[in-house]
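In order, the protein sequences belong to chains A and B.
Going by our numbering, the letters in the first sequence line up with residues 99 to 441, in that order.
Going by our numbering, the letters in the second sequence line up with residues 170 to 348, in that order.
Hints listed in this document are in silico derivations from the structure and should not be mistaken for laboratory results.
Remember, predicted model here, so these are calculated numbers, not experimental data.
We put the beta carbon where it would ideally sit given N, CA and C, even for glycine.
Be aware that a few hints might be false.
What the hints assert, rightly or not - Residues on chain B that point at chain A, a partial pick, calculated with CB under 8 Å:
| no. | residue |
| --- | --- |
| 1 | Thr217 |
| 2 | Ser218 |
| 3 | Phe231 |
| 4 | Glu339 |
What the hints assert, rightly or not - List of simulated lysine-lysine pairs, PhoX-like, C-alpha gap at most 25 Å:
| no. | chain 1 | residue 1 | chain 2 | residue 2 |
| --- | --- | --- | --- | --- |
| 5 | A | Lys109 | B | Lys261 |
| 6 | B | Lys208 | B | Lys261 |
| 7 | A | Lys277 | A | Lys242 |
| 8 | A | Lys109 | B | Lys208 |
| 9 | B | Lys337 | B | Lys229 |
To be verified - Derived contacts from chain A toward chain B, CB cut-off under 8 Å, selection only:
| no. | residue |
| --- | --- |
| 10 | Glu107 |
| 11 | Lys109 |
| 12 | Pro113 |
| 13 | Ala114 |
| 14 | Glu129 |
| 15 | Leu326 |
| 16 | Arg432 |
| 17 | Glu435 |
| 18 | Leu438 |
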Amino acid sequence: MTSPDLIHELKATRPAAPTALRARVREIAAEKATPRASFWPQLRLPVRRIALVAVPAAAAVAIASAGVLGLARSDGEVAVLRDRAGTNESFEKSVPQAATPETLQGNLSQDSAIAPDLGRAQRVSATLTVEVADSDGVSQAAQKALTLTESLGGHVVSANVSTGDEGSAALTVRIPVAKVQDAIVQLSALGRIVSQQVTIDDLQATLDTLEQRERSVRAQIALVTTRLETESLDASTRARLESRLQTLRAELRQLQRDTAATSAEARMATIQLSVVTPGVLGAVPVPSRLDRTLDEALNVLLWEGVVALAIVIVAAPFALLLLAMWLGRRFYRRREEDRLLAT
Amino acid sequence: MHAVTLDASRPTDTATQSFSAVAEDLLDDVYGYLLYLTKNWALAEDLTSETFETALRRWKRFDPRRGTHRSWLLAIARSTALDRFRADARRKRREERAEAGAARDAEEHVFGEGFSPELEEGLRALTAGEREVVALRIVLDLSSEEAAGLLGITPTAVSTRLHRALGKLEERMRHHDVA
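Work out the full structure, taking the sequences as your base and the hints as a guide.
As structure tokens, then:
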């Protein structure tokens, strides 16, 4: 028999269900479907269908909760942000014209608790940044600072004023130490104080050492001079003493210069003044409610992601174990089926 | 005993058919498949009944996007038959352990009416796996892809198995003709 004949015969002898079986199946079909008693017969859904619903639902819940938490937390953030950035309202009230010296004096006394001790030699330096409203304010403030410096008996070391959309000025002035407090107060009144730093280094010990050494050198010079004038010395001794005298006089001159410089340093304080506009300072405005909410929501989402990742990391070994068990069971069943169908 | 065929033409395989209509339409296919698989008409009838009982319970879970009614019913039939084979294998092992299994081996396997003696003998010489692929591809005229999906193997493996089964069957029947 050839293959076509065989196939023809197989098709021709296609089995038909016997009458009794057909009647039995009709009876079965006529019965009302009675699902097997199961605790949750209706909950058996395909995994893909569950995932299709569960994944977007979980994402929606995560985003919604992040939004709600972000909205709730953005309220509490306002005070902190205002403290951090300074409010626009406070700037508007503290433009140069509005700031009173009395007010700034109060602020200064709080901020700069240290003051130079006029009884000692001290190096006083101050760094001051004030903010004015605009470029014109920068020019005016710089001019006032120069005038003030001269009126207090000081002088300008350097001045750099730039105008334009975002004007700024950088001045370095020297003011007599006795008047440095007045200078700081009045310079601070040029605008809203952004930062202020006063540094005092004690120079008295250095000055005392210099003066003590100077006295010693002077005494040695007097002694050597007396020996040269009163004693009959041999030539070599005279030459040695004269050389020594020259060295001591040179040292004395150096000591006098150092003492004068230190005294000058202690007499005049150095003040570095920066006058800026808000644009130059890069003032950070308080973000809007929407920005804060988005920021907080993103933070919450980030944390949700971290938690989800942690869960995945913890669950991964168990999932792999279950997968291996499922694959093993499937392999075993396939082998068993092959064995059963091989007979 | 056999040979009752419905005259009604086969309706379109849609999800809207009632279970009764589907059962009526596909009964022969399920029975034929199970007869080839078990080579025993009595067992095939039992398994056919079981298959339709199971199908009725699962009727609401049938998803037309995942296959036809025929594929779905044949998959249930196959699963039912394999469960029976497993149970039989366990029973045989128990009996062998009890040294009482020899008599059961003489269990009669009869295809029933309609099969020529040489075809029946040839089919009996095939394994169950070979007979089921013959049933699916030749008798029920399933495509390679449908049969592969049902058997859990590749279409190529289906073709190979079918080719081997037909060769074996042909050889057996030629031998019978010569004898």
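Now the hints, each set against the structure:
| no. | hint | verdict |
| --- | --- | --- |
| 1 | Thr217 | holds, 6 Å |
| 2 | Ser218 | holds, 5 Å |
| 3 | Phe231 | violated, 11 Å |
| 4 | Glu339 | holds, 6 Å |
| 5 | A:Lys109 <-> B:Lys261 | violated, 34 Å |
| 6 | B:Lys208 <-> B:Lys261 | holds, 18 Å |
| 7 | A:Lys277 <-> A:Lys242 | holds, 16 Å |
| 8 | A:Lys109 <-> B:Lys208 | holds, 16 Å |
| 9 | B:Lys337 <-> B:Lys229 | violated, 41 Å |
| 10 | Glu107 | holds, 6 Å |
| 11 | Lys109 | holds, 6 Å |
| 12 | Pro113 | holds, 4 Å |
| 13 | Ala114 | holds, 5 Å |
| 14 | Glu129 | holds, 7 Å |
| 15 | Leu326 | violated, 121 Å |
| 16 | Arg432 | holds, 7 Å |
| 17 | Glu435 | holds, 6 Å |
| 18 | Leu438 | holds, 4 Å |
Hint check: violations occur at hints 3, 5, 9 and 15; the rest are consistent with the structure.
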